[in-house]
Amino acid sequence: MDKIKKFFLPKPIVLSNGKVVQPAMSPMVYVIPILLVLFFYSTSLTGFKIDTLITRGSRFFDILVKMFPPNFGYFTKVWTPMVVTLVMSIVGTLAGALFSIPAAYLSSENMVKSPVIKFIVRSIMSILRTIPLLVLVILFLNMFGAGAFTGMVSLGVFTFTIMTKMFYELIETCDMGPFEAIESSGASRVKAFWTGIMPQLWGQYISILLYNFEMNIRNAAILGYVGAGGIGIESLSRHIRKRLL
Amino acid sequence: MIKFEGVAKTYPNGVQALKGVDLSIEQGEFVCIIGLSGAGKSTLLRSINQMHQITGGKLTVDGVDVSTLKGKDLRRFRRNIGMVFQSFNLVKRTTVIKNVLAARVADMPLWKSLLGLYAKQDKIIALEALDQVGILEKAYSRADQLSGGQQQRVALARTVAQQPKIILADEPVASLDPVTSQQVMNDFVKINKALNITVIANMHHVDIALKYANRIIGVKEGKIVFDGPSLQVTNNILKEIYGRELSDDELMGA
Amino acid sequence: MSTKITVIEQLKKEPKNLQLKALLFFGLIGIGFLAVNYINYNGFTEFGLTVMWNISRSIFTPNTALLFGQGKNGVLFLITETAAIAFLGTIIGTIVSIPIAFLSSRNIVPGWMANIGVAFITVVRTFPAVVYGLMFIRVTGPGAFTGVLTLAVASIGMISKLFIEVIEDLDPGIIEALDAAGCNAIQKVQYGIVPQLMGNFASIAIYRFEINVKYATILGMVGAGGIGAPLIFAITAYRWADTGALLIGLIIFVLAVEYGSAKIRKKLATGE
Chain A
1 MDKIKKFFLP KPIVLSNGKV VQPAMSPMVY VIPILLVLFF YSTSLTGFKI DTLITRGSRF
61 FDILVKMFPP NFGYFTKVWT PMVVTLVMSI VGTLAGALFS IPAAYLSSEN MVKSPVIKFI
121 VRSIMSILRT IPLLVLVILF LNMFGAGAFT GMVSLGVFTF TIMTKMFYEL IETCDMGPFE
181 AIESSGASRV KAFWTGIMPQ LWGQYISILL YNFEMNIRNA AILGYVGAGG IGIESLSRHI
241 RKRLL
Chain B
1 MIKFEGVAKT YPNGVQALKG VDLSIEQGEF VCIIGLSGAG KSTLLRSINQ MHQITGGKLT
61 VDGVDVSTLK GKDLRRFRRN IGMVFQSFNL VKRTTVIKNV LAARVADMPL WKSLLGLYAK
121 QDKIIALEAL DQVGILEKAY SRADQLSGGQ QQRVALARTV AQQPKIILAD EPVASLDPVT
181 SQQVMNDFVK INKALNITVI ANMHHVDIAL KYANRIIGVK EGKIVFDGPS LQVTNNILKE
241 IYGRELSDDE LMGA
Chain C
1 MSTKITVIEQ LKKEPKNLQL KALLFFGLIG IGFLAVNYIN YNGFTEFGLT VMWNISRSIF
61 TPNTALLFGQ GKNGVLFLIT ETAAIAFLGT IIGTIVSIPI AFLSSRNIVP GWMANIGVAF
121 ITVVRTFPAV VYGLMFIRVT GPGAFTGVLT LAVASIGMIS KLFIEVIEDL DPGIIEALDA
181 AGCNAIQKVQ YGIVPQLMGN FASIAIYRFE INVKYATILG MVGAGGIGAP LIFAITAYRW
241 ADTGALLIGL IIFVLAVEYG SAKIRKKLAT GE
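Residue numbers (our numbering), protein chains in the order written: chain A, 1 to 245; chain B, 1 to 254; chain C, 1 to 272.
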């Protein structure tokens, strides 16, 4: 074992005054082999074949090629679903973003004193966050039927879970000074949070909101496949469902 | 009147910050607390508004036993006590006036504070507080555009806008340069005199404390070792508080 | 401070932000109007509550044979497959992103070239992952391989965009210092650039891995392997015990990845 260690350790450096410095072992010594093992294991598990990619790679562009020239007559039919996608994403994102503020407050180490409340809220949020968007969609399809409303609710809940986590991480790293000052003036913790913490975070809040909005526009395309409204091209959706089910 | 009777404070980690403090402070006094770092100055100050819970003895403010206060009663009690901090504790990204208005949210209904709907009366109170510390014209600047001294004045204005009976100042000038320190201390004196507000300040710089306070309290290892008018403070007393002779440059905060 | 202003004068000077308020007001009204017109509420079906109740209950009453199953249908295999898809997708995406990012950074190449690169990345980013999935199915047929390629391409947009930010933030002072010390180009890259970039690049890749793990569960829908498809089939077929087993596996797996990712990225950022 010692021999192996010695082999990997960089050569000691001898200084002019006779002192010997042993440079630390680079983490690459174990990171690279681990990555390589994982890489080869994953390629065999997923059936990754580079020659398939080379021989059949051109078929990737099949759809793209068929897209030209585009049928502009169809554009009028796409217009409404596109607006629906946009509206659904905007309303869903805004609603999720709104509810994420109180949820983030209740999940923050520095805001909630009671460890019980924090634990309960965080556990529920963690489990909700792991549920894939598609499972949420299927759930809400059963409640509200096919249509844009289901899409909006799904995106709203999905945004809510993600933004809550992103936002409470921001709350936990912000300057507690103003909060302390306002609390010392006799304001409740909620008011101290709103006047002392939120003004520090509005900029970052808007930026994570836009990030989620961008993501949701792309997610909205997924929703269409399962009949949750928007630009999800109905016929394609039926085709895929038939193949899968 | 603030009255300490055998007040003790032991932190959960076992550190005894206060060991039986007896003290009474009348309305309108200007008191400075001096002592080494870790002597218990900050704990003494923060026990008055229950930012730190005391663990023994009795502490009353105007006859109210503060350690029994909880929730709503505690918050109502704190409205009469302002606090100023060494690091100003302003929201730097927002305007001066909004920082001062933050002192008014304690009295507002929750929905109004959430929407930021401040009454005209509150805005006038905030502007008058800024006028008292002489930075009225900065009301709509962002707090981070101001110098350190100006920021501490905004913090002082925030406390004044709270219309308190007592102001607690935790090392208010420790992060300011000597000249600015003098200006800020003058503001404290002005407010103390004009509004008859009790000022209790922790002080790092002995000479500033002696110059501005009427009364000095020396704290050492959680106990009060001196309590008297600032004129009576001698080198021997300082030696007892600090455990050694202070050199000239340690005295020279300003 | 030649003229002293009074409190009342200053009160009148309060900025009203009328434009911002009007924008917010009309923006919200506009969105509300669009929402009412384009999103119709078709009523609420009680059956949905039953489904929700059954899913919640299923977590506590899972099909243990599936949960601990060893074969190709077992949860452990499905999770491993999902992890492998996400891992390979991230690795390939990262490797492809490195040259793209360097060729699109303003401090490395001339401005016009960087513009072309950024435009290319924007186009790649525009398409949702599912669209790439459908395109790759024609190349490789349904299966995990498709998932890998889809995630690789879908990752390129975000990874190279973030890489560019890191590269453009490079401290030129270090290169200058090495120049002054007489280093050649390779030495400059080795001692001046790589150490600055490695930590940030790794951090970005790990973050994307976390996202890819979540995407890998969705891509099952287009037949791209992983735990997503079996989960959705189980729910749509009302096989609650199976749903429970798959959800338990998924929840533990995703939380573990999130936890590990946060730990490693913190270590990369702070050295501890």
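What the hints contain is simulated information worked out from the structure, not anything from laboratory work. Mixed in with the good hints, there may be bad ones.
[As the list claims (entries may be wrong)] Once the Cα atoms are required to be at most 30 Å apart in a straight line, the calculated DSSO-like pairs of lysine-lysine come out as:
#1 A:113 to B:19
#2 A:118 to B:72
#3 B:211 to B:190
#4 B:98 to C:13
#5 B:138 to C:21
#6 B:92 to C:188
#7 B:72 to B:112
#8 C:16 to B:98
#9 B:19 to B:112
#10 C:16 to A:11
#11 B:92 to B:72
#12 B:138 to C:16
Computed from a predicted structure; not experimentally measured.
Keeping to a limit of 30 Å between CA atoms, is the pair of residue 16 of chain C and residue 98 of chain B held or broken? holds, 13 Å
Keeping to a limit of 30 Å between CA atoms, is the pair of residue 211 of chain B and residue 190 of chain B held or broken? It holds: about 14 Å lies between the C-alpha atoms, which stays within 30 Å.
Starting from residue 92 of chain B, check that the Cα of residue 72 of chain B is at most 30 Å away, please. holds, 29 Å
Given pair status - residue 112 of chain B, residue 72 of chain B, alpha carbons within 30 Å: holds, 18 Å
Hint consistency between residue 19 of chain B and residue 112 of chain B [alpha-carbon to alpha-carbon, up to 30 Å]: Roughly 43 Å between the alpha carbons, so the hint for residue 19 of chain B and residue 112 of chain B is violated.
Restraint check for residue 16 of chain C with residue 11 of chain A, where alpha carbons must lie at most 30 Å apart: Measuring from Cα to Cα gives roughly 68 Å; hence the hint is violated.
Does residue 19 of chain B lie within 30 Å of residue 113 of chain A when you go C-alpha to C-alpha? holds, 28 Å
Hinted pair, alpha-carbon criterion (30 Å max): residue 138 of chain B, residue 16 of chain C. Please report holds or violated. holds, 16 Å
Does residue 188 of chain C sit within 30 Å of residue 92 of chain B, going by the straight-line distance between their CA atoms? violated, 41 Å
Under the criterion that the straight-line Cα-Cα distance not exceed 30 Å, is the pair residue 98 of chain B, residue 13 of chain C satisfied? holds, 14 Å
Holds or violated: residue 138 of chain B to residue 21 of chain C, with C-alpha atoms at most 30 Å apart: Between residue 138 of chain B and residue 21 of chain C the Cα gap is close to 23 Å, so the pair holds against 30 Å.
Are the Cα positions of residue 118 of chain A and residue 72 of chain B separated by 30 Å at most? holds, 22 Å
Violation of the numbered hints given earlier is confined to hints 6, 9 and 10; the remaining hints are satisfied by the structure.
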